[in-house]
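2 protein chains.
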Amino acid sequence: MPSARIPDDLVKSGGGRIVLVVLDGLGGLPHPESGLTELEAARTPNLDALAARSSLGMLLPVAPGVTPGSGPGHLALFGYDPLETVIGRGALSALGVGFELEAGDLAVRLNLATLDEEGRVVDRRAGRPSDEVGRAAVERLRDGLREGVELPEGGEIFVEHEKEHRAVLILRAPGLDDRLRDTDPQTEGVEPNAPEAQDPAAEDASRILARVLRRAREILSDGDPISGVLARGYAVHQGLKGLDERFGLRGVAIARYPMYRGVARLVGMEIAGPPSSDEEAVELLGRGLEDYDFHFLHHKAPDARGEDGDFDAKVASIEAADRWMEGVAALEPDVLVVTGDHSTPAAMAYHSWHSVPVLIQSRWARPSAKTFGETACRAGDLGILEARHLMALCLAHAGRLEKFGA
Amino acid sequence: MPSARIPDDLVKSGGGRIVLVVLDGLGGLPHPESGLTELEAARTPNLDALAARSSLGMLLPVAPGVTPGSGPGHLALFGYDPLETVIGRGALSALGVGFELEAGDLAVRLNLATLDEEGRVVDRRAGRPSDEVGRAAVERLRDGLREGVELPEGGEIFVEHEKEHRAVLILRAPGLDDRLRDTDPQTEGVEPNAPEAQDPAAEDASRILARVLRRAREILSDGDPISGVLARGYAVHQGLKGLDERFGLRGVAIARYPMYRGVARLVGMEIAGPPSSDEEAVELLGRGLEDYDFHFLHHKAPDARGEDGDFDAKVASIEAADRWMEGVAALEPDVLVVTGDHSTPAAMAYHSWHSVPVLIQSRWARPSAKTFGETACRAGDLGILEARHLMALCLAHAGRLEKFGA
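First to last, the sequence lines map onto chains W and C.
Residue 793 is where the first sequence starts when you use the numbering used here, and the numbers rise one by one after that.
Residue 793 is where the second sequence starts when you use the numbering used here, and the numbers rise one by one after that.
It is possible that some hints are incorrect.
Stated by the list, open to error - Covered stretches of chain W, as calculated for chain C (at least 3 residues, CB under 8 angstroms):
no.: 1; region: 851-862
no.: 2; region: 1166-1173
What the hints assert, rightly or not - Straight-line Cα separation of at most 25 angstroms, DMTMM-like style, residue types lysine to aspartate or glutamate; simulated pairs:
no.: 3; chain 1: W; residue 1: 1195; chain 2: W; residue 2: 1071
no.: 4; chain 1: C; residue 1: 1195; chain 2: C; residue 2: 873
no.: 5; chain 1: C; residue 1: 955; chain 2: C; residue 2: 1037
no.: 6; chain 1: W; residue 1: 955; chain 2: W; residue 2: 908
no.: 7; chain 1: C; residue 1: 804; chain 2: W; residue 2: 1037
no.: 8; chain 1: C; residue 1: 1195; chain 2: W; residue 2: 1037
no.: 9; chain 1: C; residue 1: 1195; chain 2: W; residue 2: 825
no.: 10; chain 1: C; residue 1: 1195; chain 2: W; residue 2: 1099
no.: 11; chain 1: C; residue 1: 1195; chain 2: W; residue 2: 970
no.: 12; chain 1: C; residue 1: 804; chain 2: W; residue 2: 1072
no.: 13; chain 1: W; residue 1: 1092; chain 2: W; residue 2: 1118
no.: 14; chain 1: W; residue 1: 1092; chain 2: W; residue 2: 1071
no.: 15; chain 1: C; residue 1: 1195; chain 2: W; residue 2: 908
As the list claims (entries may be wrong) - Computed spacing ranges between beta-carbons, pair by pair:
no.: 16; chain 1: C; residue 1: 804; chain 2: W; residue 2: 1101; range: 43 to 51 angstroms
no.: 17; chain 1: C; residue 1: 1002; chain 2: W; residue 2: 981; range: 23 to 31 angstroms
no.: 18; chain 1: W; residue 1: 919; chain 2: C; residue 2: 1071; range: 50 to 58 angstroms
no.: 19; chain 1: W; residue 1: 995; chain 2: C; residue 2: 1171; range: 23 to 31 angstroms
no.: 20; chain 1: W; residue 1: 1009; chain 2: C; residue 2: 1171; range: 56 to 64 angstroms
no.: 21; chain 1: W; residue 1: 1036; chain 2: C; residue 2: 805; range: 54 to 62 angstroms
no.: 22; chain 1: W; residue 1: 1037; chain 2: C; residue 2: 1194; range: 26 to 34 angstroms
no.: 23; chain 1: C; residue 1: 1071; chain 2: W; residue 2: 920; range: 45 to 53 angstroms
no.: 24; chain 1: W; residue 1: 896; chain 2: C; residue 2: 1171; range: 35 to 43 angstroms
no.: 25; chain 1: W; residue 1: 995; chain 2: C; residue 2: 1194; range: 53 to 61 angstroms
Just so you know, the hints here were simulated from the structure itself, not pulled from any lab data.
Just so you know, even glycine gets a beta-carbon here, dropped at the ideal spot from N, CA and C.
Modelling step: build the complete structure from the supplied sequences, incorporating the hints.
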């Protein structure tokens, strides 16, 4: 099992409560004038007070140089090796649009494409349509696929738009296998491939998918520029061992955006709310504190403002988080962790590979500075650490791990 | 494939230009009087100015405590795990003497040995001859092997002297296999073993090698102290996936010494020059800047002066490098990396296992100090990092990696 590096059988059945606050895209790059990152430039009295009572460090989200999407970024924070936890691009796409994947679902990445009247591929990406045009085509597809496709008993089809020419199809039926040939021929002027089974076990999936794709072609055939779909990147979602089984944690997620609830559900967390404001999120956290061992609170704004390329707005979003952080600290959980799932430097206006500050506040912290920021955390007690190891530290600080060996 | 830890399919087809300057043996140990290492004692205004705009860190060449030769040291810098990239001792020996190995070549490490008239081993190392004596024997061998050995069509034999009693034999012929018995009996007073095939696939190689060794014995039989050879450490060179295939990089090496051109060629780089001075090396770099994505510039002097055990001369060699570094920086590559392949502390007069300072200068750096040296780099943003991860960081800073996952 892909995992935090904890020897078997160390997890105790009880222990302290852990609150993990993820300030999405927290890490940044220095402003050319001040030399301070967004977090360092922000006035954060509450985070600084926490830092003074915390072990500090920097988390490497995935591996050196690797820029994670939110899926891998969060899986790592939850103690799963994001390089070994193969969720499949289709599944990640489904998660990315907030779809609630179930174990056994076959997720398929779709290209919305332009096909000519003979069914040959004219443009594999339909001229990279706008999100609006892409979404409209997906809605026609979704409506059309409700009828006219014969599915096994209990079978279901879902289609979700992702971005521009990208969408994801989810087939839910018993016994699906993902060893299928891509229908995307990777070139133009030829017809799409049939989704042939590349293993006898995938015959059923091949038959169903062929039917779905035939029907999709009918639905879209008169569209312009989107007149067909190409399928690639199949993945049957295996399901993951949850936090309960792996770490003995009853978990709950408090997140305003569906993607993050999706990743939390993947690892077996329950969902509270969802809240409609950060204040409501803190209130939900307080109300459920006694009911769960592990509380994941997700805050999107620093990533969004970073992606806008707006340094000052990202600073302001961190200052806003600092204000409600006072309420989180006042709940006095046994372990309070604040970090991000990756960096989103305003200078790059995009996720990046740079390491992310982390604080772990508990009775057992080894503090090293009185501020929370890249410079302080770089010199902290935890050093630079792959994010997948964070969970073991949470468990340790919560008194949830036995001694290893005699 | 042994590798930097980059998930599949993240490498883009384009991006910024990367210049990697290797100051061989850069890392050092503090002088007992000043407490400064060679790099810290050197006046390096250009490197310091670069450092102020760079992410800093320390590279661990192979693994804690492991002192690398130049082969593994450079393979790591190029993104190959030096512990998993088994090139074979014979192949490394061939590289070490600047031999241009091709895929399929069978490299064999030879001991120059003393045998008695009955062909029994008297001294497995021929009394550890001087380099001069060893080299002379290898030259006789090379001349003699030109004739009198029947080889398959297109077959070739090469012999290169390595050091003292060590040499390397390279057989080039189709279909060679390295599952052969060592002829070195590892003891004295007995005859060498026959190079028996230990797998049916190695029968051809066994027959050819037996002929070569019989002829070698004839050539050397009247020599003193070197009157024969013992073979061990066979390796058919598999070839490595090159930088192009793995990282989408068209690479070029600018190196005055053959060993470094050899390692670069191994990973598919082209060779510029070779230059006859450092100034010419910088000029070559500038002239080819547009033609390649990845430029490897090798500078030998700090290692050589370190091996001399001469602290001041090593300091001077680093100061000399700093002078031409101004010209490198003036080229303004998108990513400029300066590091070493290992430490060569003058106090040890030898390669060592100690970590090596590294700077990565790009638009996306997170600077932390205004000087380049062990003390500054230790507190840098990159932390202490295995050298094999450097390439992923180079690619990231050059904008050459896609985001991982949704």
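Evaluation of the provided hints:
no. : hint                                  : in the structure
1   : 851-862                               : holds (count 9)
2   : 1166-1173                             : holds (count 4)
3   : 1195/W <-> 1071/W                     : 39 angstroms, violated
4   : 1195/C <-> 873/C                      : 23 angstroms, holds
5   : 955/C <-> 1037/C                      : 35 angstroms, violated
6   : 955/W <-> 908/W                       : 23 angstroms, holds
7   : 804/C <-> 1037/W                      : 38 angstroms, violated
8   : 1195/C <-> 1037/W                     : 30 angstroms, violated
9   : 1195/C <-> 825/W                      : 28 angstroms, violated
10  : 1195/C <-> 1099/W                     : 14 angstroms, holds
11  : 1195/C <-> 970/W                      : 24 angstroms, holds
12  : 804/C <-> 1072/W                      : 42 angstroms, violated
13  : 1092/W <-> 1118/W                     : 18 angstroms, holds
14  : 1092/W <-> 1071/W                     : 14 angstroms, holds
15  : 1195/C <-> 908/W                      : 33 angstroms, violated
16  : 804/C <-> 1101/W: 43 to 51 angstroms  : 21 angstroms, violated
17  : 1002/C <-> 981/W: 23 to 31 angstroms  : 57 angstroms, violated
18  : 919/W <-> 1071/C: 50 to 58 angstroms  : 51 angstroms, holds
19  : 995/W <-> 1171/C: 23 to 31 angstroms  : 59 angstroms, violated
20  : 1009/W <-> 1171/C: 56 to 64 angstroms : 60 angstroms, holds
21  : 1036/W <-> 805/C: 54 to 62 angstroms  : 44 angstroms, violated
22  : 1037/W <-> 1194/C: 26 to 34 angstroms : 33 angstroms, holds
23  : 1071/C <-> 920/W: 45 to 53 angstroms  : 48 angstroms, holds
24  : 896/W <-> 1171/C: 35 to 43 angstroms  : 50 angstroms, violated
25  : 995/W <-> 1194/C: 53 to 61 angstroms  : 33 angstroms, violated
Going through the hint list in order, the structure does not satisfy hints 3, 5, 7, 8, 9, 12, 15, 16, 17, 19, 21, 24, 25.
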